[in-house]
Amino acid sequence: MHEPWSGLFGRYVNTSFVDLLRQEAPDLLTLPPSAVKPAPADAHGVLGVPTGTTILALRYADGVIVAGDRQATEGYQVAHRRIEKVYKTDEYSAVAIAGAAGPAIEMARLFQTELEHYEKVEGDGLSLEGKANKLGQMIRMNLPMAMQGLVVVPIFAGYDLRRAEGRIFNYDVTGGRYEETDYTATGSGGKDARNTLKKLFRTGSSRADGIRWAAEALVDAAEEDVGTGGPDFVHGIFPTVKVITRAGFEDVPEAEVRAQCEAVQAARRQGR
Amino acid sequence: MPLPYYVSPEQMMKDKAEYARKGIARGRSIVALEYQDGVLLVAENPSTLLHKISEIYDRIAFAGVGKYNEFENLRIAGVRHADLKGYSYCREDVTAKALANAYSQALGNIFTEGLKPFEVEVLVVEVVDDANGKNEMYHVLYDGSIEDERNYAAMGGQAEEIRRFLKEHYREGIPLAEAVRLGIRALTVTQNKTLTERDLEVAVLDRKRERRKFRRLANGELRGILGRPDPPEGSRPMGTS
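From first to last, the protein sequence lines are chains W and A.
Take the first sequence: its letters are residues 770 to 1041, numbered as in my numbering.
Take the second sequence: its letters are residues 122 to 362, numbered as in my numbering.
Please note: incorrect hints may appear among the correct ones.
Derived contacts from chain A toward chain W, CB cut-off under 7 Å, selection only [as the list claims (entries may be wrong)]:
#	residue
1	176
2	197
3	200
4	201
5	204
6	208
7	209
Read the hints as simulated data drawn from the structure, not as lab findings.
None of these values were measured; they are calculated from a predicted model.
Yeah, the Cβ is synthetic: ideal placement off N, Cα and C, and Gly gets one too.
From just these sequences and the hints, can you work out the full model?
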């Protein structure tokens, strides 16, 4: 039925912000596949767009820790030294992004708006599972772009208030969603970070231990993978670390991350 | 074929306005008060699930009186408007003024073109980050007319009486607890009853909060505020509670 006010606000009747965009402003969503030309690659098959690299998440006693390095790489060049790869999506969840930086940051922003929109319209937030599924759909929406090389693979982590525990979700490029029980890492240095976490991880650890392991994993990734930026004591650039617990989302202060990075470096200097 | 009755446009508008006003007068009232750290909204609303006061965006809140389904439509339209604008430009670009204008246009169109006007009044409130800045309160009526209010605003059946009461008792820069008690007193000014926390819906736009300034006051918190009576007039220094 056509309502008088619908002329102003559109005919949309749903609580999804993505659906609203599709109806009201499709140009703000991902381009259709026909509009995307294959990206020019150089002789090594490297795309000319900045890509983000190593991100990880792990569970600890009170919730989850999400961390990422700060470097964006464009081919063999460092494109940015200080980008943020971990975004607060609402009070109890965060998304960490790897892959083509532009679409990934845009996806994080859209996802954040989606969750807030739902919460405001419905008067109540989505379940953590619902949020994870929604992110999966958004990654699938990006599939045509991914086929052209603009791959976005995030990690989603949050505190599930109903189950009273932290949870971690991993995705593939088609939007496939996989829940991880302990830890996960993706991006170009993801495998190295995962190996480190595999050796260090213990269930139900303290916050300090968890942050230390995250720092250690990121240092390892930076040592093995050229695309990952390690802690930079010269410029004062350290990994982003966030913690999500029953009390909500929290930025780990830079001083604390720095201290953990120094501890990792000091141990290595002594050959341990 | 019978000829349609001729009704003068003037009469038609009068009838519509009267119809809308009657509908609104049946509803319970809402007051908004500027306090020390932002803007307080108090509504008489025994339901804990159907809200009259809600969050629209980071610094913007919405309050509606009258017919629930009608102001609920407006509220959702407002959230869409705000989220679309904030996503396509920047969060700071979403303003109460633009939203209030959109409401004014929508209600004005419905009033003139529709068979039945909306029986609602809405209030769009925006708080500024800067403590010395000016908060904004826009009051949009059923026919699309729009006013910007200072210090306090009232809507609903007893709005006139409440405004008169607040004109006498309101003072600038009051702390939250005092503002809550003043708001509740204002709501009961025409009624012979006391309101408890269960009959009330109370929310604030608190400029001290991070990004999202909107916060509902839970029953426990309200009970605490209502339990503490105001100190007698004149015995307290400004800005303390």
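Hint check: 7 Å Cβ-Cβ cutoff, residue 209 of chain A to chain W: With a closest approach of 6 Å, the residue 209 of chain A hint holds.
Chain W contact restraint on residue 208 of chain A - CB to CB distance below 7 Å: Residue 208 of chain A check passes; min Cβ-Cβ to chain W is 5 Å, inside 7 Å.
With a cut-off of 7 Å on the beta carbons, see whether residue 197 of chain A makes it to chain W. holds, 6 Å
Given residue 200 of chain A as an interface hint, is its Cβ closer than 7 Å to any Cβ of chain W? Hint on residue 200 of chain A: holds, closest Cβ of chain W at ~5 Å, below 7 Å.
Measuring from the C-beta of residue 204 of chain A to each C-beta in chain W, is the shortest one below 7 Å? holds, 5 Å
Does the nearest C-beta of chain W fall within a distance shorter than 7 Å of the C-beta of residue 201 of chain A? holds, 6 Å
With chain W as the partner, please determine if residue 176 of chain A meets the hint condition of a C-beta pair closer than 7 Å. At 6 Å from the nearest chain W Cβ, residue 176 of chain A passes the 7 Å test, so the hint holds.
Hint violations for this structure: none, all hints satisfied.
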